[in-house]
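As you go down the protein sequences, you meet chains A and B in turn.
Residue numbers for the first sequence follow my numbering, so the first one is 1 and each next one is one higher.
Residue numbers for the second sequence follow my numbering, so the first one is 115 and each next one is one higher.
In short, the hints are calculated from the structure, not lab data.
It is possible that part of the hints are untrue.
[Claimed, not checked] Pairs of lysine to aspartate or glutamate, DMTMM-like flavour, derived with a Cα cap of 20 Å:
| hint | chain 1 | residue 1 | chain 2 | residue 2 |
| --- | --- | --- | --- | --- |
| 1 | A | 3 | B | 159 |
| 2 | A | 20 | A | 68 |
| 3 | A | 44 | B | 181 |
| 4 | A | 13 | A | 102 |
| 5 | A | 13 | A | 83 |
| 6 | A | 63 | A | 86 |
| 7 | B | 117 | A | 86 |
| 8 | A | 63 | A | 83 |
| 9 | A | 44 | A | 83 |
| 10 | A | 44 | A | 62 |
| 11 | B | 117 | A | 42 |
| 12 | B | 117 | B | 145 |
| 13 | A | 39 | B | 181 |
| 14 | A | 27 | A | 68 |
| 15 | A | 18 | A | 59 |
| 16 | A | 20 | A | 59 |
| 17 | A | 39 | B | 159 |
| 18 | A | 39 | A | 83 |
| 19 | A | 18 | A | 53 |
| 20 | A | 27 | B | 159 |
[Said to hold, decoys possible] Part of the chain A face toward chain B, derived, beta carbon under 8 Å:
| hint | residue |
| --- | --- |
| 21 | 43 |
| 22 | 101 |
| 23 | 105 |
[Unchecked claim] Just a sample of chain A residues kept apart from chain B, beta carbon distances all over 10 Å, derived:
| hint | residue |
| --- | --- |
| 24 | 7 |
| 25 | 12 |
| 26 | 13 |
| 27 | 17 |
| 28 | 22 |
| 29 | 31 |
Glycine included, C-beta positions come from ideal geometry on N, C-alpha and C.
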Amino acid sequence: NSKVIQTPRYLVKGQGQKAKMRCIPEKGHPVVFWYQQNKNNEFKFLINFQNQEVLQQIDMTEKRFSAECPSNSPCSLEIQSSEAGDSALYLCASSLTGYSYEQYFGPGTRLTVL
Amino acid sequence: DAKTTQPDSMESTEGETVHLPCSHATISGNEYIYWYRQVPLQGPEYVTHGLQQNTTNSMAFLAIASDRKSSTLILPHVSLRDAAVYHCILRVSSSFSKLVFGQGTSLSVVP
Chain A
1 NSKVIQTPRY LVKGQGQKAK MRCIPEKGHP VVFWYQQNKN NEFKFLINFQ NQEVLQQIDM
61 TEKRFSAECP SNSPCSLEIQ SSEAGDSALY LCASSLTGYS YEQYFGPGTR LTVL
Chain B
115 DAKTTQPDSM ESTEGETVHL PCSHATISGN EYIYWYRQVP LQGPEYVTHG LQQNTTNSMA
175 FLAIASDRKS STLILPHVSL RDAAVYHCIL RVSSSFSKLV FGQGTSLSVV P
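Sequences and hints are given; from them, build the entire structure.
See the structure below:
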């Protein structure tokens, strides 16, 4: 069973507001991924980290989102100015490094932008 | 990332053994076959993965065709708790590579 913790479970924001969500990866997992799952259940990769360093991110994340994984603190994903289209389930997953280790997911933060 | 093809939905009865097929005709040599499942209001759950040989764990048996162009996830003696969307995903052999989810197969289990 996954031990990835995500808070809050539910988040409601108005358009233009900041929305911040946090993730504590499984103990000892240095690789963290963020995904977005929309209401059509389509997944989109957003960004991944190894420890504090960004490995990959998509264009959208670079422009409107900010994410970090500071040492000894939860990882976070923040939308600077929420839009209606950002309403989705935001999933955090963590993994060991090495050869094809599986990713373990948290329960997600469901963001609703009114 | 190469594409997989799965049926949209399947139905089974409690206690049955379920075979979930996945086609991946353009799989590359360095791609693993991963299976995840997701129930409503939860994140995806890892089920199993394999490269070439069949694999088994407490959750499922993964049968991989000898040419690797298809695979079948076998769930023995399903229960109501096994009802979920099952995703078959190809992923290169690196823990840094992202998962690319498709629509998956929605498995329903009836008593």
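(message) What's the verdict on residue 44 of chain A and residue 62 of chain A, does the C-alpha distance respect the 20 Å limit or exceed it?
(response) holds (14 Å)
(message) What's the verdict on residue 20 of chain A and residue 59 of chain A, does the C-alpha distance respect the 20 Å limit or exceed it?
(response) This hinted pair holds, its Cα atoms lying about 19 Å apart.
(request) Return the status of the interface hint for residue 43 of chain A: holds when the least beta-carbon distance to chain B is below 8 Å, violated otherwise. (result) holds (4 Å)
(message) Run the distance test for residue 27 of chain A versus residue 159 of chain B: straight-line Cα separation, threshold 20 Å.
(response) holds (17 Å)
(message) Checking one constraint from the list: CA of residue 20 of chain A to CA of residue 68 of chain A, max 20 Å. Satisfied?
(response) holds (11 Å)
(request) Sort out whether residue 83 of chain A lies within 20 Å of residue 63 of chain A, counting only the CA atoms. (result) Given pair residue 63 of chain A, residue 83 of chain A holds - Cα atoms ~13 Å apart, limit 20 Å.
(request) Compute the least Cβ-Cβ separation between residue 31 of chain A and chain B, then decide whether it is above 10 Å. (result) Label violated. Min Cβ-Cβ 6 Å, cutoff 10 Å.
(message) Would the hint linking residue 44 of chain A and residue 181 of chain B be met if the CA-CA limit is 20 Å?
(response) Violated, at roughly 30 Å.
(request) Could you let me know if the closest chain B CB is still more than 10 Å away from the CB of residue 17 of chain A? (result) holds (24 Å)
(request) Given the hint that residue 44 of chain A pairs with residue 83 of chain A, test it: the Cα-Cα distance must not exceed 20 Å. (result) Holds, at about 16 Å.
(message) What's the verdict on residue 27 of chain A and residue 68 of chain A, does the C-alpha distance respect the 20 Å limit or exceed it?
(response) Holds. Residue 27 of chain A to residue 68 of chain A sits at ~17 Å (cutoff 20 Å).
(request) Would you settle whether the hint for residue 101 of chain A is holds or violated, based on the nearest Cβ-Cβ distance to chain B being less than 8 Å? (result) holds (4 Å)
Against the hints set out earlier in the document, violations occur for numbers 3, 4, 7, 13, 19 and 29.
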